[in-house]
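Protein chains: 2
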Amino acid sequence: MQPTPSSASGPSPMPAVPTVGIIRVLTSDDPTAIAEHGRLLERHYGFPTFSRCIPGQPYGIHDQESERCAEPKIVALAREMAAEGADTIIISCAADPALERTREAVDVPVLGAGAAAAAVSLGLGTRIGVLGITDEAPPGVRAVLGDRFTGAVRPREVRRTTDLRAPHGAPAVLEAAARLVESGADTLLLACTGLTTIGIRPRLEDLLAVPVVDAVLAAGLMASYTRTR
Amino acid sequence: MQPTPSSASGPSPMPAVPTVGIIRVLTSDDPTAIAEHGRLLERHYGFPTFSRCIPGQPYGIHDQESERCAEPKIVALAREMAAEGADTIIISCAADPALERTREAVDVPVLGAGAAAAAVSLGLGTRIGVLGITDEAPPGVRAVLGDRFTGAVRPREVRRTTDLRAPHGAPAVLEAAARLVESGADTLLLACTGLTTIGIRPRLEDLLAVPVVDAVLAAGLMASYTRTR
Chain Z
2 MQPTPSSASG
12 PSPMPAVPTV
22 GIIRVLTSDD
32 PTAIAEHGRL
42 LERHYGFPTF
52 SRCIPGQPYG
62 IHDQESERCA
72 EPKIVALARE
82 MAAEGADTII
92 ISCAADPALE
102 RTREAVDVPV
112 LGAGAAAAAV
122 SLGLGTRIGV
132 LGITDEAPPG
142 VRAVLGDRFT
152 GAVRPREVRR
162 TTDLRAPHGA
172 PAVLEAAARL
182 VESGADTLLL
192 ACTGLTTIGI
202 RPRLEDLLAV
212 PVVDAVLAAG
222 LMASYTRTR
Chain U
2 MQPTPSSASG
12 PSPMPAVPTV
22 GIIRVLTSDD
32 PTAIAEHGRL
42 LERHYGFPTF
52 SRCIPGQPYG
62 IHDQESERCA
72 EPKIVALARE
82 MAAEGADTII
92 ISCAADPALE
102 RTREAVDVPV
112 LGAGAAAAAV
122 SLGLGTRIGV
132 LGITDEAPPG
142 VRAVLGDRFT
152 GAVRPREVRR
162 TTDLRAPHGA
172 PAVLEAAARL
182 VESGADTLLL
192 ACTGLTTIGI
202 RPRLEDLLAV
212 PVVDAVLAAG
222 LMASYTRTR
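Chains as they are written, first to last, in our numbering: chain Z, 2 to 230; chain U, 2 to 230.
Everything labelled a hint here was simulated from the structure, so no lab data went into it.
A hint or two may mislead.
Pairwise CB distance ranges, derived in the manner of DEER restraints [what the hints assert, rightly or not]: (1) U:Glu-158 - Z:Thr-28: 32 to 42 angstroms; (2) U:Arg-102 - Z:Arg-180: 26 to 36 angstroms; (3) U:Glu-66 - Z:Arg-102: 43 to 53 angstroms; (4) Z:Arg-230 - U:Glu-158: 36 to 46 angstroms; (5) U:Asp-207 - Z:Arg-157: 50 to 60 angstroms; (6) Z:Arg-228 - U:Arg-160: 26 to 36 angstroms; (7) Z:Pro-56 - U:Asp-136: 46 to 56 angstroms; (8) Z:Gly-47 - U:Pro-203: 45 to 55 angstroms; (9) U:Arg-204 - Z:Arg-40: 34 to 44 angstroms; (10) U:Arg-69 - Z:Glu-101: 51 to 61 angstroms; (11) U:Gly-47 - Z:Pro-203: 14 to 24 angstroms; (12) U:Glu-158 - Z:Ala-34: 51 to 61 angstroms.
Simulated coverage check for chain Z against chain U, where a stretch passes if three residues somewhere in it have a Cβ under 8 angstroms from a Cβ of chain U [unchecked claim]: (13) 19-25; (14) 124-137; (15) 152-165; (16) 209-219.
Not the full set, but computed from the structure, chain Z residues with beta-carbon under 8 angstroms of chain U [claimed, not checked]: (17) His-45; (18) Pro-49; (19) Ala-117; (20) Ala-120; (21) Val-121; (22) Leu-222; (23) Met-223.
For every residue, glycine included, the Cβ atom is placed at its ideal position computed from N, Cα and C.
Build out the structure end to end from the sequences listed, making use of the hints.
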């Protein structure tokens with residue numbers, strides 16, 4: 002049986018080669034949308050992926066309540082995907098929801114997009130600015146950054162990942178990122194995977210001339226480390 | 002003019018394509034030895050490299066005095082390599098000697114093997130054990146790991162990077178690594194690039210079933226992030 006990279010909806014065949022399972026926390030019934038982060042990682046890193054989303058969260062994770070609600074769904078989905086042959090699981094959300102619980106629940110490496118982005122940021126710079134959809138940096142990101150965290154900003158009128166796709170989304174992100182760099186950040190961490198979806202990293206790097214760490218790409222980078230020797 | 006990947010000694014031609022400059026802190030007059038880390042990165046990540054070593058340190062960096070002595074040499078070498086066309090500099094030493102000073106001295110990204118290894122470790126695990134050639138973890142590694150540092154060990158009878166190549170080197174490393182995992186580490190960080198030179202990572206992962214972060218590969222991973230968009 003051939004693997005089905007980025008298969009995204011319904012019961013999909015069990016992967017026949019080592020494959021990275023991508024958990025999306027934004028509910029969708031569009032297989033293309035669900036598979037979007039997985040396809041990005043396939044293009045960047047060359048490993049096959051398959052993607053699923055948790056049910057019942059059309060606005061994703063954007064506050065404590067939506068995060069608490071998502072956690073058991075993520076653990077259950079990770080168990081399913083590991084049973085179906087995922088050899089690595091990526092939780093594609095910068096809040097790292099259920100990261101520790103999922104690591105305990107399955108026997109394969111589990112990567113959180115937020116923790117991975119924080120990690121990559123520490124490798125690249127010293128004063129890390131965090132750009133997300135909440136006023137505070139995600140706690141998991143903050144914990145990894147320690148005293149190298151320099152500040153967090155939220156783009157104006159952006160409160161949920163879906164707001165990033167509105168007409169005002171991208172300009173608000175550029176403005177917020179510039180504020181972080183002006184306040185001394187030497188590296189930017191994109192703390193919402195909706196920023197991956199709108200593909201903003203190259204524009205930010207061109208505009209601001211600092212490394213910009215995309216959380217989905219950072220998780221993929223970590224996955225690529227565990228997959229080569 | 003064609004680039005000369007891993008050119009290692011004497012005046013080498015200026016790279017004609019974007020190339021990663023590798024600074025070795027172990028002095029050698031053997032071009033093959035000097036180019037060893039660079040060639041490993043070329044195989045793993047596919048980017049071209051060229052390598053140089055600092056003068057006058059046949060035992061590398063193994064204590065505060067040898068580190069202080071190396072720092073100005075590293076800054077000077079980084080300036081030379083950037084002028085010759087390096088678009089990224091890797092300081093291939095887990096002590097991250099002169100990392101901040103070198104970042105200030107040149108206009109290209111500068112990666113330290115220790116900081117990169119600490120960063121990758123934080124992406125992969127929660128309780129990081131550090132295996133190196135000093136009793137304490139390198140301060141730069143320790144700073145990045147924060148409260149996720151679980152302990153440091155030094156293999157018995159190993160005090161300098163060159164000791165790792167002696168007959169007792171590899172067995173002592175395996176024994177020390179097992180102690181770290183027994184004491185609760187879920188991820189191991191190899192805090193001496195001499196451990197890269199002896200190629201010990203696959204054996205450790207097979208033996209101990211935890212992710213093992215090689216510092217040279219971690220720096221290469223970070224370089225590969227900055228080089229793709």
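Here's how the hints hold up against the structure:
For Glu-158 (chain U) and Thr-28 (chain Z), the Cβ-Cβ distance of about 58 angstroms falls outside the hinted range of 32 to 42 angstroms, so the restraint is violated. At about 29 angstroms, the CB distance of Arg-102 (chain U) to Arg-180 (chain Z) agrees with the hint of 26 to 36 angstroms. Hint check: Glu-66 (chain U) to Arg-102 (chain Z), Cβ distance near 47 angstroms, so the stated range 43 to 53 angstroms holds. A beta carbon spacing of about 27 angstroms between Arg-230 (chain Z) and Glu-158 (chain U) contradicts the range 36 to 46 angstroms that was offered as a hint.
The beta-carbon spacing between Asp-207 (chain U) and Arg-157 (chain Z), approximately 52 angstroms, falls within the hinted interval of 50 to 60 angstroms. Taken as a hint, the range 26 to 36 angstroms holds for the pair Arg-228 (chain Z) and Arg-160 (chain U), whose Cβ atoms sit roughly 34 angstroms apart. Here the CB-CB span from Pro-56 (chain Z) to Asp-136 (chain U) is close to 52 angstroms, well matched to the stated 46 to 56 angstroms. Judged by the Cβ atoms, the range 45 to 55 angstroms given for Gly-47 (chain Z) and Pro-203 (chain U) is violated: they are separated by roughly 20 angstroms.
Between Arg-204 (chain U) and Arg-40 (chain Z) the C-beta distance comes to about 35 angstroms, which sits within the given range of 34 to 44 angstroms. The hinted window of 51 to 61 angstroms between Arg-69 (chain U) and Glu-101 (chain Z) is violated, with their beta carbons roughly 41 angstroms apart. The hinted window of 14 to 24 angstroms between Gly-47 (chain U) and Pro-203 (chain Z) holds, with their beta carbons roughly 20 angstroms apart. The given range of 51 to 61 angstroms is respected by Glu-158 (chain U) and Ala-34 (chain Z), whose C-beta atoms sit roughly 58 angstroms from each other.
Counting residues of the segment 19-25 of chain Z whose CB lies closer than 8 angstroms to any CB of chain U gives 0, so the stated coverage by that chain is violated, three being the minimum. For the segment 124-137 of chain Z, the proposed coverage by chain U is satisfied: 3 residues have a C-beta within less than 8 angstroms of a C-beta in that chain, meeting the threshold of three. With 0 residues having a beta carbon nearer than 8 angstroms to a beta carbon of chain U, the segment 152-165 of chain Z misses the requirement of three or more and the stated coverage is violated. Beta-carbon proximity to chain U at under 8 angstroms applies to 4 residues in the segment 209-219 of chain Z; the threshold of 3 is reached and the given coverage holds.
The closest approach between the C-beta of His-45 (chain Z) and any C-beta of chain U is roughly 6 angstroms, which is under the 8 angstroms cut-off, so the hint is satisfied. At its closest, the beta carbon of Pro-49 (chain Z) sits 18 angstroms from a beta carbon of chain U; the interface hint therefore is violated under the 8 angstroms criterion. Taking 8 angstroms as the C-beta contact cut-off toward chain U, the hint placing Ala-117 (chain Z) at the interface holds, the least distance being around 4 angstroms. Annotation: interface hint on Ala-120 (chain Z) holds; nearest CB of chain U at approximately 3 angstroms, less than 8 angstroms.
Interface restraint check for Val-121 (chain Z): the shortest CB-CB distance to chain U comes to about 6 angstroms, inside 8 angstroms, so the restraint holds. Taking 8 angstroms as the C-beta contact cut-off toward chain U, the hint placing Leu-222 (chain Z) at the interface holds, the least distance being around 5 angstroms. Here the hint on Met-223 (chain Z) is kept, as its CB sits about 4 angstroms from the closest CB of chain U, short of 8 angstroms.
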